[in-house]
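Sequences listed follow chains A and B, in order.
The working numbering puts the first residue of the first sequence at 1, with every later residue one more than the last.
The working numbering puts the first residue of the second sequence at 1, with every later residue one more than the last.
These aren't lab readings, by the way, just hints derived from the structure by calculation.
Just so you know, even glycine gets a beta-carbon here, dropped at the ideal spot from N, CA and C.
There are no misleading hints in this set.
Part of the chain A face toward chain B, derived, beta carbon under 8 Å:
| id | residue |
| --- | --- |
| 1 | Met1 |
| 2 | Ile33 |
| 3 | Lys34 |
| 4 | Arg35 |
| 5 | Glu84 |
| 6 | Glu173 |
| 7 | Val174 |
| 8 | Thr177 |
| 9 | Ala183 |
| 10 | Ile184 |
| 11 | Leu198 |
Coverage of chain B stretches by chain A, computed from C-beta distances (three or more under 8 Å per stretch; other residues unrestricted):
| id | region |
| --- | --- |
| 12 | 37-48 |
| 13 | 79-89 |
| 14 | 116-127 |
| 15 | 143-155 |
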Amino acid sequence: MKKFETVASIATPFPRANTDTDIIIPARHLKSIKRTGFGEHAFETVRFDADGERIKGNVFDSEKYKGAQILIAGDNFGCGSSREHAPWAIAELGFRCIIAPSFADIFAGNCVKNGILTVALLQEQVDALVLAAEAGHEIRIDLGEQTVACQNAHYDFPYNPAHKKMLLDGLDEVGQTLQAITAIRSYEDKQKLKTPWLFKA
Amino acid sequence: MSQTMPSTMYDKIWANHIVEIFEDGASLIYIDRHLVHEVTSPQAFDGLRAAGRTVHRIDSIIAVPDHNVPTKDRDQPNPDPMSTAQLSALETNAREFDLDYITMDDVRQGIVHVVGPEQGFTQPGVTLVCGDSHTSTHGAFGALAFGIGTSEVEHVLATQTLQLSKSRNMRVTVTGVLPAGCSAKDVALAIIGAIGTAGGTGYVIEYAGPVIEALSVEGRMTLCNMSIEAGARAGLVAPDDKTCAYLKGRPYAPTDAQWDDAVAFWKSLASDKNAVFDKEITLDGNDIVPLVTWGTSPEDVVPVTGFVPELASFEDRDKQQAVQKALDYMGLEEGQAITDVPVDRVFIGSCTNSRIEDMREAASVLKGRRVADTVIEAMVVPGSGLVKLQAEDEGLDKIFLDAGFQWREPGCSMCLAMNPDKAGAGEHVASTSNRNFVGRQGPGARTHLVSPAMAAAAAVAGHFVDVRDF
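With the rest of the complex left out, here is chain A (with noise of 0.2 Å):
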């Protein structure tokens, strides 16, 4: 998983409250046997009307925010179904970072498995945020010292600290279990003395 440290882009506005994991990736998209593909049809219904057809203007197909990979969002953000594929989808679509004033538990859960980092900033900072947004100002977001900055702007967030390792060493959970392969081995040369007939030669 790529290293997390510092993330400086412009940011696709999405403020709406309440977004449903159903809205960004559809049920009937989950018959795949690819955890990637997603992204064509992350934010389905936001991005293409009900003939297919692609709406104008949207702001995940719109040239103005090509290249985010901040995302600001509105409060309870990935509410509903579990689906780790939410997350696959939208880091498909390139964001590394969601700004919102809260996310649903799960989600947040998913997203640092897959390397994306979730910031929970005040409403009014996030309304500021979509302003500059908006206006394509640059946002840059610093793990390490946890803090949101644009344009004469500085924000703190908060942040779990195990997670934060996580993703600044750019450890999945299996990045970080690898870290005890030393362990692991020396535990299967032992039960390879004690129960041989379990390995193959």
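Following the hints, put chain B in place on chain A, whose structure we already have.
Relative to chain A, chain B alone:
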């Protein structure tokens, strides 16, 4: 190591698999065995590739397709493109990572939870996982076996471990002697009926007592299989001479000098005499009768001689509403005799009841009899190609076919209707599977869980009937 504290079997297996203990009390637990199938593994392999990782121990894995394989016309193109994609992904991944892979046309192919034991891959004292909740089946051998999600499948592939917190210990003791006409399925349903589908939540259940000791290894698998339906993470039965006899000579079983060491180790796993369990339940096995589920939860059981419960018999108003909803879905009236419920379709199979003993049990009821004309379809889906072959050697296939059953190729089939084997809306199914959830066997399908003998008897009668009268 000092052995001052008496331990349960679960305590012993857990302690033997700790790689590290974390500050928060969770542990890094080593995983010995991993069964992989086509539905929950593709994203896990994709994750490995994306991170540039590989499989830690290929000798810990068997990969076999089961969930959505067709059970007939396998020489024809698969009608479902999603199924085809998942099957070919499994094959690609198995080949790329050099796994022991059993193809769809291999005689060993079948349901993961039938194949693992059959190959001797499942052994006492191991930790065994699979991306499927019915992995609890393997506890019949005294293996700590449980289902995991796709992210955890990837975690095990890459690290051979899982970050886990320990469950609590529960013991379910079944005393007495199981009456004639009853089998392991009735024991499982009786336990779930007694403790409820959340009765085992947070626990690993050890099954003990004379009834469990008297069960065959196949019967113990049926019992442990349904531990998850009682909410438990896993079920366990202490390994004994039957366990060893079952395993001896199987492909993955220990051989030569290692065999005696293995047996000695396996026999040491049983719970210590004075081990303390956090929860103890005792059932009188003499009281167990053939059971049928009437509702949409595996705890909704009644004796075949009984009646669909009256709403008034439930105190809680919320519960009454839930029961009414279940009755509406099932198309049943409160107080209706179970034997008055017609059977439209019969399914004998699934990881619960598709082993040779289940085939024999059903065939013994069907011998010289015919499926009722009112039954739309009756099918037997053996748990593996080897079960199928064994049954054919014993002439059981002929009994099924003569009775009007279809004799299919192995797979999960109508247990979860991921392949073309589905029941129609409104149809009552006598099913030897494990879940009677809404829509599980097809949209609107009405599942009644029963033993293989009871399913066979229902097929003949065209409605539920007491197999003890046959």
